Structure formats: C-alpha cells, structure tokens
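Novice: Protein chains in written order, with the numbering used here: chain A, 1 to 284; chain B, 1 to 286.
Don't read these hints as lab results, they were simulated from the structure.
Every value quoted in this text rests on a predicted model; they were computed, and no experiment measured them.
Keep in mind that a hint or two might mislead.
[Said to hold, decoys possible] Ranges between beta-carbon positions, derived for each pair:
| # | chain 1 | residue 1 | chain 2 | residue 2 | range |
| --- | --- | --- | --- | --- | --- |
| 1 | B | Asp128 | A | Ile207 | 47 to 57 angstroms |
| 2 | A | Ile207 | B | Arg199 | 12 to 22 angstroms |
| 3 | A | Gln200 | B | Gly75 | 53 to 63 angstroms |
| 4 | A | Gln200 | B | Val27 | 27 to 37 angstroms |
| 5 | B | Ser101 | A | Phe17 | 20 to 30 angstroms |
Using N, Cα and C, we set each Cβ at its ideal position, and we do this for glycine too.
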Amino acid sequence: MIRTLPNSPLYKYTYRFYIVCFFIFLVIPLVAISILAFNDSDFIAFPWKGFTLDWFFANTDQRTGLFADDGLVQSIFISIKTAFYVATISTAVGTAAALLFEEEKFRLKGLLYFLALAPLVIPGVILGISILLTSTMAGSYLEQKFGWDIGFLSPSFWLVVLGQFSFGATYVMLLVGARLKKFDRTLEEAALSLKATRLQSIWYVTIPFLRPAIIGAFTVAFLISFSNFNTTIFLIGSDPTLPVDLYSRIKFSSTPVLNAVSFIIVVFITVVALGSLFINRNKK
Amino acid sequence: MEDKKSFNFTFYLLILPVLLWLILLIVLPHIDLFISSFQVDGDNGKVFSFDNYTTFFKNKIYWLTFINTAAYAIGITLLAFVVTFPVAFYLTKVVSRKYASFLSLLLLIPLWIGELVTVYGWMIILGDHGVINESLIYFGIIDKPIHMLYTNISMSIGLLYISMLFMVIPIMTTLESLDDSLIEAASDLGASKWTIFRRIIIPYSMPGITSGGIIVFMLVIGDYVAPDILGGKSSLWFTEQIYNEFLSTFNWGEGAAFGFLLLMISSSIIWAALRISGQKLERVGS
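Model the full structure from these sequences, guided by the hints.
Specialist: Here's what the structure looks like:
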C-alpha cells in the first residue's frame, strides 16, 4: 500500500496504470496545442499538413502570425502591465495584512480576518459585478455632486487592476502568513530592546526573513492576474487583456494563431516551473 | 513613551491599507450588490422593487438553470475527489521521492497556464475534427466523427480539468503529515487495504478534502469559460445568465439579483460543508 509495505503485482500495476492515465489526461490539451501551433493548415484542428512557423512569423494576406498581429501583441503587453501592478499592490497590502493578523492584537480582528479570507470562497464573477456596480455608482455620484470625472471608476485599465488586487492580496497574505508563523519572535524583541523602533525591526529583521515568501507571493499574484478572466471581463475598458482577447477570438474568429499564443504561454510557464524546481533542488 | 508612539504608528501603517482594501473592495461592493438587486429603472431613476427576484422565480428557465448549475457543481466536486484522491496518495505515499517533486510540479503547470488556454486545448481535442475523432478515423475504428464538443460531457470534462488540481494539492498537504507507521501498524495487525483506507487514511485527510472540496465547488459554480466554450447551446449554466444581464442586455438590477442568489447558494453550501466537517474557514486557505 505504501513504500514500505509489499504489494501484489496486480495492485501495483493497476495503480501505476491509473496514474499514467491521469497524467496523460493532464498534459494532452497542452501537447495538442503545442503540436498544432506548427501545423501548416488554415484550420485550428488536425489533420497534420506539415511543419510551418507561419503562425508565429507570417505577415501575408492569408496568414497573420502572432508577432505580426498588433492586436494580440498589444493585449499580451497589457496583460503583463496589469499583472505587474496587481502583483506589486497585492504584495504590499497582502504582506501588511499578514503582519497585522500574525503580530498585532486589536478589536474586530476576527471579523477583519474573515473578510480578508472571503475572496477565497467568493466566485470571481461576483467580485467582478459587485466592483463594477460600486465603481459605476461612485463615479456617477461624484460626477453629479461635484462635477468630478474620475476615469478609473468606469471600466478601464485601473479598474481591472483594482478588481484583481481584491483577491490577489488574499493569496499573498496566506503565503506570507505561512512563513511568518515560522518566524522566531524573539529576534524582533531583540531588535526592539536594542532601541530599534517597531518599524525598523519589521524592516530590518522581519522583512528579510520573509523575503523568499514575498518573492514567491509576488510571482503567484502575477500569474493569477495574468490568467484571470472571470473578474476581468466585467471591468475591462477598451484595451483587452490576453485572456479576454483570446476568449473573443475563440468565440468568433479562431485561427491557428491561437495555438501559437497558447504554445508560447505553455512554454513560458513550463520554463518558470522547471526553473523553480531547479533552484529549490540546488538550495537543498 | 517614545516606543509606545512608534508602535502605534506602525500599527496604523499596517491597518490602513488593509482596511481600505477590505472596505472599498470587499464590503461596500457586496452591500451594493444586495441593494442593486432590489432596484429597477423607474420614471425618476432607480426605484425599490422585488421584480428582479419575482422574475427569477416566475421563469422556469432561470431557476431550472440555477438548480442545474448547483447540481453540476456538487457532482463535479465529488468526481474531482474520486479522480484525484488516488493521485494525491500515490504522489505522497507510494512513488519514490525522486520522482515525487517532479510529478507534483507537473500538476501545477496546467494550473498556472490558466483556464482559457487549457479549455481551448480541450476544444481542439474534442471537436469533430479534433485529436480524438481524427485519430479514431485514421485507425479505421469509426467512419464519421462522434459528436463530443458542445455537449454536457465536454463541459464536464473542462470543468473537472480546470478545478481538480485544487483538490489534489490540499489533500497532498494533509497526507504528507500522515505518519507511515500508522498504516504499517494497521497492516501488521491484519487490517485489509480497504479497512486502512476507510478507518485511517480518509479520516486523517478530511481537512484537506474539505478545503479542496470547497475551492473546487466555488470554482465550478462560478465558472463561465468552460460552460461557454465547451458546453452546448442548451447547457444551462447560471453564470451565463449573469454575463448576459451585465454584458448583453445591460439589465444590471436583474444581474445583481442573479449574482446575489449565486453568492447565497455558494456560501450556504460552503457553510454547510464547514459545519458538517467541523472545520474553520481559516483552514481552507492553508
């Protein structure tokens, strides 16, 4: 049953067969996309018509490759920009929240912590529509009452950043909080007794200890933002992020260039993942 | 005195951004969602009304979709547990440690790639000219493509695929802390595999199962991409109604009512799951 116990061959091989099937199920969509990105055909599906790099580089009347497609390049750029801002703000606020809930005592702490965890169990659609409703209401109120026209309160780049930050901060808080639980508080106390202010002790003692978790949390927030669709779709202005752009192309005009974009994403994520495995292994 | 003052300053520096985040982006929007769901357009702006809710209960298509979505979400959650539990057990307890970290990493890759790309991948696989049909035809097993895409089956495959990894990871985390000697002891005392599974492994991994189940359920009930891209015209999915009200017909009051109902059903089922398993929400996050 486990490593140390003997098993009948039948049990062992049936189990192994199931695991192999599971991993095939896991990678098959990624493999299919990767192969079809190089298919010399005008349709997104099989049969295989030969190898081509057209879907990456072509710029002819019949075929527009990924790098010649301005709209697509633009939406990749917007997604990276969005993800960068979301990760930065989420990391700052999420780390503050982790320090607050792990180290401080105050009234209503339980309630606030519950609210900070809520985005884990609120469907993304709900966050999207409720932030849209509130920002629109606030925007029209401010305009009628004071004549202020505040751009980011209507669907726009910054509203997307705010919407994704609303749940990104929760993930950062949990990841940084998990590391903070392992922190030896006496180090902070030592700093305080050596006349450091509370802020100095956080900045020079606690934050350096948390650095690996903070970097990890930034990466997670970046990736969550980069792939988000459910919340983003409601808050988007005139410039779509990559998932929104991909969605409308899948629905209305799918060409194999979609395979090329997906292939790039698959390769990028795999390289990042294998890189992190390699770094962790070297540390040990 | 000096120390006390700087301590307070730090406290406010920490709590201020957190309060802004929680009040402006979590609390106020949900209050507004609730209020908006009772508003319809009147002659002089918005007026209070129950119409948005009566529309829901009077139209069979709406509440049927609502029930259908909840039923599917529960079904997919159970399926995700059945499919992934053996995998979680294998990766933590069976496979040699040399491969375990590589295989666990492989689990994370589809997660980070994002649902839009993976759902699109399933569209390519299941289509009439997709990978499965083309290879079956190539090998002469069938003559005409089997219609798989745009059905409830393709939708379920997509939903299972995008959500199941959120079940594996929390279960693996709990199983990692299960001491192997418990299983060895039970085995030495003559317990069968089934007994060990039922009496030791399942009870021990219950916190992980609950966390995973809650996340999977929430993801499935709130998902839009998989039902919309892989499901058929007749797939009754409640988030599609919400999207329509907000993005096509611009009937935001009705959309808010639908959103609030979705929030109610997902929270109450999650609450019930926490209650039955005696777990706290805090545990779900870890």
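Novice: Please list, smallest to largest, the hint numbers that this structure does not respect.
Specialist: Failing hint: just 2.
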